[in-house]
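Student: So the chains spell out like this:
There are 2 protein chains.
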Amino acid sequence: MKIAIIGLGLIGGSFALELKKNHEIFGIDSNKKHQEQALQLNLVDKIIDIEKIHKMDAILIAIPVDKTATILKKVLDLILENTVVFDVGSTKEIICNAVKNHPKRKNFIAMHPIAGTEHSGPKAAIKNLFKNKVNIICEKQYSCEVLHKKVLKIIEPLQMRTVYIPSAKMHDKHIAYVSHLSHISAFMLGKTVLEIEKEEKNIFDMAGSGFESTVRLAKSSPKTWTPIFMQNKKYILQSLDEYIQNLKTFRQYIQNQEENNIYKIMEKSNNIKKILNGKFKNN
Amino acid sequence: MKIAIIGLGLIGGSFALELKKNHEIFGIDSNKKHQEQALQLNLVDKIIDIEKIHKMDAILIAIPVDKTATILKKVLDLILENTVVFDVGSTKEIICNAVKNHPKRKNFIAMHPIAGTEHSGPKAAIKNLFKNKVNIICEKQYSCEVLHKKVLKIIEPLQMRTVYIPSAKMHDKHIAYVSHLSHISAFMLGKTVLEIEKEEKNIFDMAGSGFESTVRLAKSSPKTWTPIFMQNKKYILQSLDEYIQNLKTFRQYIQNQEENNIYKIMEKSNNIKKILNGKFKNN
Numbered sequence: 065m066k067i068a069i070i071g072l073g074l075i076g077g078s079f080a081l082e083l084k085k086n087h088e089i090f091g092i093d094s095n096k097k098h099q100e101q102a103l104q105l106n107l108v109d110k111i112i113d114i115e116k117i118h119k120m121d122a123i124l125i126a127i128p129v130d131k132t133a134t135i136l137k138k139v140l141d142l143i144l145e146n147t148v149v150f151d152v153g154s155t156k157e158i159i160c161n162a163v164k165n166h167p168k169r170k171n172f173i174a175m176h177p178i179a180g181t182e183h184s185g186p187k188a189a190i191k192n193l194f195k196n197k198v199n200i201i202c203e204k205q206y207s208c209e210v211l212h213k214k215v216l217k218i219i220e221p222l223q224m225r226t227v228y229i230p231s232a233k234m235h236d237k238h239i240a241y242v243s244h245l246s247h248i249s250a251f252m253l254g255k256t257v258l259e260i261e262k263e264e265k266n267i268f269d270m271a272g273s274g275f276e277s278t279v280r281l282a283k284s285s286p287k288t289w290t291p292i293f294m295q296n297k298k299y300i301l302q303s304l305d306e307y308i309q310n311l312k313t314f315r316q317y318i319q320n321q322e323e324n325n326i327y328k329i330m331e332k333s334n335n336i337k338k339i340l341n342g343k344f345k346n347n
Numbered sequence: 065m066k067i068a069i070i071g072l073g074l075i076g077g078s079f080a081l082e083l084k085k086n087h088e089i090f091g092i093d094s095n096k097k098h099q100e101q102a103l104q105l106n107l108v109d110k111i112i113d114i115e116k117i118h119k120m121d122a123i124l125i126a127i128p129v130d131k132t133a134t135i136l137k138k139v140l141d142l143i144l145e146n147t148v149v150f151d152v153g154s155t156k157e158i159i160c161n162a163v164k165n166h167p168k169r170k171n172f173i174a175m176h177p178i179a180g181t182e183h184s185g186p187k188a189a190i191k192n193l194f195k196n197k198v199n200i201i202c203e204k205q206y207s208c209e210v211l212h213k214k215v216l217k218i219i220e221p222l223q224m225r226t227v228y229i230p231s232a233k234m235h236d237k238h239i240a241y242v243s244h245l246s247h248i249s250a251f252m253l254g255k256t257v258l259e260i261e262k263e264e265k266n267i268f269d270m271a272g273s274g275f276e277s278t279v280r281l282a283k284s285s286p287k288t289w290t291p292i293f294m295q296n297k298k299y300i301l302q303s304l305d306e307y308i309q310n311l312k313t314f315r316q317y318i319q320n321q322e323e324n325n326i327y328k329i330m331e332k333s334n335n336i337k338k339i340l341n342g343k344f345k346n347n
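Here the protein sequences line up with chains A and B, keeping their order. Each residue of the first sequence is one higher than the last, beginning at 65 in the working numbering. Each residue of the second sequence is one higher than the last, beginning at 65 in the working numbering.
Calculated directly from the structure, the hints in this document are not laboratory data. There's no promise every hint is true.
If several chains are the same, the list does not tell them apart, and a pair holds so long as it fits within one copy or across any two.
[Claimed, not checked] Derived SDA-like pairs: lysine to any residue, alpha-carbon spacing no greater than 20 Å straight-line:
(1) K191 to L103
(2) K85 to K195
(3) K337 to S273
(4) K233 to Q101
(5) K187 to K217
(6) K262 to N334
(7) K337 to S277
Turn these sequences into a full structure, and let the hints guide you.
Tutor: Okay, structure coming up:
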């Protein structure tokens, strides 16, 4: 198959690495340097212009979420009847709504593989990034079943576990809590610690692996995450408000030395164990 | 050497595992079940009563920080001139102040190895828990130099990197930011997500490795952490206030769609990379 990948960063590049075994991969990227790197790293067979997109059998869009809707509409305008287009955006509502009434809506599969690292760009592309990860497909009811199956076939070698969420809105709400909030929490933890610890030596000496794990996501790319936070504003604000309220309650308990409440609130949070263990077991 | 370990949980038990090769290990624990488990797991050679403590060459106190000061005073009262006592508490100011004027203050080494897991009890004890980890010794100036060297010799096989902080107060302040705040941040993240995600299936499906890493510390023991939060109240409140303020600022930026500020605040947090990478390089 001829597959075009629009956006040759961490995600697009990692897809390329996996798909190149079975397909001819054409890269599209607005960044000249990324184009060159993708060729050097042998992620793609050729760099093409978006105007050539009608020659493709499948098109993956892996660019920042704020650019996805515009490019997706353009791509849908250009493609032939049997071409399938799929994306990897971390938010789905704005993207799905943008093409809701497009005559080729059925050619689009709204996808979100839950995978990534804190690195970015073509050089960050790695093999097995998607192995055993969850892959969400939203609003499948608006996609052509044959083309949906075509995408499943293409991504089969990546060994993801695909689940379906019928509503893009519901996807965005849940993902705000389990992914976007974690990022904000880590970014602000990093900021708070950097501010107090003007002498880096002290963090260096005292930072245990606990801190490292909690703050890991603060290494993520602002370029990726700014548009995600903008696109999922509503649910992120909701989750942030609840998070801040919980922190304030905990602060009050410490202030008043309410040991019993502190104990109980932590004991409840321990329930996260069960869920994470369940996750591991199934992976 | 005859070494007594008071408190046979994760930390005391993991010390026991390492020290047993070269020393005779005597266990003291108020919990009958932990006594039995420590014997079964071969962590200690014998369980003894605290009244026998004067027969020891060295004593490690590895109990919750709110119990440490009382036990430490009792132990210092009972020991002979050349016995060394060291603890592993995550807070140091209250403990150091409690024995400031004790006639045997010089027999005490105030220690804090930055190591742990989210598990607790004798069964959680593991080998190599301390390998390459930072070990802080506070207020060495009040300890006898010969006994200080004796402790360094005892812990040598654990392969920690010992650093010195002359002020227990300064230790507590820094550790509030780089360790205690991370725990609160994770506990409250766990709580927030559990509350919204009443259907656990959704967390299970959508939780990526990012969430897992950020929330990991929410699995920690409330029994260990309640007293730590109480003992380090002052600096934890300070760090929490700054953290909450940073989250509120970020919230405001999202609310007002100040993309440039969102980008910049994350870019600054990215500096945590350098510090963590430096840490790795040296470990």
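Student: Each of the hints needs a verdict: does it hold here or not?
Tutor: Hint by hint, here is what the structure shows:
1. K191 to L103: within (16 Å within a copy, 46 Å between copies)
2. K85 to K195: within (16 Å within a copy, 42 Å between copies)
3. K337 to S273: Close inside one copy (18 Å) and across copies (14 Å); limit 20 Å.
4. K233 to Q101: neither (36 Å within a copy, 51 Å between copies)
5. K187 to K217: Neither: 26 Å inside a copy, 46 Å across copies.
6. K262 to N334: The answer is between: 15 Å across copies meets 20 Å, while 33 Å in one copy does not.
7. K337 to S277: both (16 Å within a copy, 12 Å between copies)
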